[in-house]
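**Student:** Residue-level listing of the chains:
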Amino acid sequence: MKDQHHDIGKVERQVGSEADVMESSQSEQRAPAQTPNSFKMIATMGAVGLVASILLVLTYTWTLPTIVANLEAYLEESIREVLPETTLRTDWRLTEEGVAVDDGTFTIEPRLFAGFREDGSLEGLAIEAQGQGYADIIRIIYGYSPDCGCIIGMKVLESRETPGLGDKIAKDPTFLSNFDALDVRFSISDSTVEGPLELIKRGTNLSAWQIDAISGATISSQAITDILNASNQVVLPVIHENLDLLKGGSDE
Amino acid sequence: MSKTGPVTLDQSKGMDEFLKGLWNENPVFVQVLGMCPVLAVTNTVTNSLVMGVATSFVLVMSAIIVSATRNFIPKQVRIATYILFIATFVTMADYIIKAVSLSAHRSLGAFISLIVVNCIILGRAEAFSSRNKISDSIMDALGMGIGFTLAILMLGIVRETLGSGTFAGFPIFGSSFEPWVIMVLPGGAFFVLGFLLLAINAFNKRNMSGGT
Numbered sequence: 001m002k003d004q005h006h007d008i009g010k011v012e013r014q015v016g017s018e019a020d021v022m023e024s025s026q027s028e029q030r031a032p033a034q035t036p037n038s039f040k041m042i043a044t045m046g047a048v049g050l051v052a053s054i055l056l057v058l059t060y061t062w063t064l065p066t067i068v069a070n071l072e073a074y075l076e077e078s079i080r081e082v083l084p085e086t087t088l089r090t091d092w093r094l095t096e097e098g099v100a101v102d103d104g105t106f107t108i109e110p111r112l113f114a115g116f117r118e119d120g121s122l123e124g125l126a127i128e129a130q131g132q133g134y135a136d137i138i139r140i141i142y143g144y145s146p147d148c149g150c151i152i153g154m155k156v157l158e159s160r161e162t163p164g165l166g167d168k169i170a171k172d173p174t175f176l177s178n179f180d181a182l183d184v185r186f187s188i189s190d191s192t193v194e195g196p197l198e199l200i201k202r203g204t205n206l207s208a209w210q211i212d213a214i215s216g217a218t219i220s221s222q223a224i225t226d227i228l229n230a231s232n233q234v235v236l237p238v239i240h241e242n243l244d245l246l247k248g249g250s251d252e
Numbered sequence: 253m254s255k256t257g258p259v260t261l262d263q264s265k266g267m268d269e270f271l272k273g274l275w276n277e278n279p280v281f282v283q284v285l286g287m288c289p290v291l292a293v294t295n296t297v298t299n300s301l302v303m304g305v306a307t308s309f310v311l312v313m314s315a316i317i318v319s320a321t322r323n324f325i326p327k328q329v330r331i332a333t334y335i336l337f338i339a340t341f342v343t344m345a346d347y348i349i350k351a352v353s354l355s356a357h358r359s360l361g362a363f364i365s366l367i368v369v370n371c372i373i374l375g376r377a378e379a380f381s382s383r384n385k386i387s388d389s390i391m392d393a394l395g396m397g398i399g400f401t402l403a404i405l406m407l408g409i410v411r412e413t414l415g416s417g418t419f420a421g422f423p424i425f426g427s428s429f430e431p432w433v434i435m436v437l438p439g440g441a442f443f444v445l446g447f448l449l450l451a452i453n454a455f456n457k458r459n460m461s462g463g464t
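These protein sequences, in sequence, are chains R and P. Heads up: the first sequence at position 40 corresponds to 40 in our numbering, and the numbers run straight through without jumps. Quick note: to get our numbering, add 252 to the position in the second sequence (first position is 1).
Don't take every hint at face value.
[To be verified] Beta-carbon label-pair distances, calculated as ranges:
1) P:T418 x R:V51: 38 to 44 Å
2) P:F425 x R:L157: 25 to 31 Å
3) R:A135 x P:A451: 29 to 35 Å
4) P:F447 x R:V101: 55 to 61 Å
[Unchecked claim] Taking lysine-lysine pairs in the DSSO-like style, the calculated list, with each CA pair at most 27 Å apart, reads:
5) P:K350 x P:K265
6) P:K385 x R:K40
7) P:K350 x R:K155
8) R:K247 x R:K155
9) P:K350 x R:K171
10) R:K155 x R:K201
11) P:K327 x R:K40
12) R:K171 x R:K155
13) P:K327 x P:K385
14) R:K201 x R:K247
[Said to hold, decoys possible] So, partial list: chain P residues that the calculated Cβ filter (under 7 Å) puts toward chain R:
15) T298
16) R322
17) P326
18) T340
19) T343
20) Y347
21) A351
22) V433
No lab work stands behind these hints, which were simulated from the structure alone. Beta carbons: idealized from backbone N, C-alpha and C, even for Gly.
All chains should be built: construct the whole structure from the sequences, respecting the hints.
**Tutor:** Spelled out as structure tokens, the structure:
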């Protein structure tokens, strides 16, 4: 087809050169061989765009319910991992005034989930947090128990850490066991975090607020520690101030 | 590298169009096209499979529509319309993968959207589908898609087995196995691809000199 097209152009040029040799050699370089019908081009592009957008809208509406259900199931599963005894949860948002029930009107406010045991007692809060890792932003969710003042579980929701090294923060059982009962050093009387969580090298004695680093992934381990510290500073005072609200928070 | 030369325009034997993508004109091992996903997402078998299937889906759908509209689209805007079609099908594939498996979508990340710029797809649309009837175009796209999927699966199997000691997530070695971390890193992809290309070219060369 390309060759054919080329031939047609040649024929036309030959015809032109018979008429005026000097003129044609100039116009030959400037004007395209064939002037395309711009209306046809625009109409084609418009039609293609219309078909494309219809296809996209159809696929979007067709897959949206499943995608939303998947996301909800993933969140549910993550909360169950950091708050293992929870059977019922209420959704909250951290606002400037404190906490508010998540009624779907919030957008950027950090999310907070209160998890209740079967007997109705508060097991803990699941807190979403994020911060810079070695490769990209790491997003985590962690469970905090106000009764013992400790972190009772941590799960990495999203990370792009180096496979085989940094991504162990999400999988390494020894590292994750750091977060089974991690003292956050929160003083209820002062309503502040008294000291940060500390990252230490493997093999040294652990205090209740120390996190054992993964060897070969110190930066990623430090990132998790920093994310938790930054989040604790902000969130824990709010949680303890609003503990009664959160405890009775089943808005049913 | 390809000994078959340019695609013959009048060929209508669908089976030949299908088979050439598997070996003689394999998009990865012979044409060496679409190297970005080949190197980037072949760290596990599952990732390779999902990427292969998604790419094949986009290849076949765009082949159908490019071939069906080949007589209506003005030549001047053909590349733009191909890209628009391809982008549409990639976005559809993106939604579908998200609906089928959220974890697969997470582990492939941006590489699903990057199928748009995979040169295999635009290459087949321009070199084949825009000049051939629909049935031949489908066979060509299927062959190329399956050839691509098999090629990246080979890389994925080698890399996951050696790099994590698992196959599609299931451990296959004992706990004493020490994973070759390099294999799941981008560098490992270059090693595996290099060795596979070496083996395939050696095999083809031997067949060429010995056979005829």
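**Student:** Checking hints one by one. Is P:Y347 an interface residue toward chain R, by the C-beta closer than 7 Å rule?
**Tutor:** Holds: closest Cβ of chain R sits about 4 Å from P:Y347, inside 7 Å.
**Student:** So the hint says 29 to 35 Å: do the beta-carbon atoms of R:A135 and P:A451 match that?
**Tutor:** 33 Å, holds
**Student:** Does P:V433 pass the interface hint, meaning its C-beta sits closer than 7 Å to a C-beta of chain R?
**Tutor:** With a closest approach of 4 Å, the P:V433 hint holds.
**Student:** Quick check on the hint: P:T298 CB to chain R CB, less than 7 Å?
**Tutor:** Not OK, violated: P:T298 not within 7 Å of chain R, min 14 Å.
**Student:** Identify whether the interface hint at P:T340 stands, where standing means a beta carbon of chain R within less than 7 Å of its own.
**Tutor:** Constraint on P:T340 satisfied, holds at 4 Å.
**Student:** Hinted pair, alpha-carbon criterion (27 Å max): R:K155, R:K201. Please report holds or violated.
**Tutor:** 21 Å, holds
**Student:** Does the alpha-carbon distance linking R:K247 and R:K155 stay inside the 27 Å limit?
**Tutor:** This hinted pair holds, its Cα atoms lying about 23 Å apart.
**Student:** Does P:K350 pair with R:K171 here, judged by a C-alpha cut-off of 27 Å?
**Tutor:** 23 Å, holds
**Student:** Let's test the interface hint: is any C-beta of chain R closer than 7 Å to that of P:T343?
**Tutor:** 6 Å, holds
**Student:** For P:K327 and P:K385, compute the direct alpha-carbon distance and say whether it is at most 27 Å.
**Tutor:** 17 Å, holds
**Student:** Could you grab the alpha-carbon distance between P:K327 and R:K40 and see if it respects the 27 Å cut-off?
**Tutor:** 11 Å, holds
**Student:** Measuring from the C-beta of P:A351 to each C-beta in chain R, is the shortest one below 7 Å?
**Tutor:** 4 Å, holds
In this structure, the earlier hints numbered 5, 14, 15 and 16 are contradicted, and the remaining ones agree with it.
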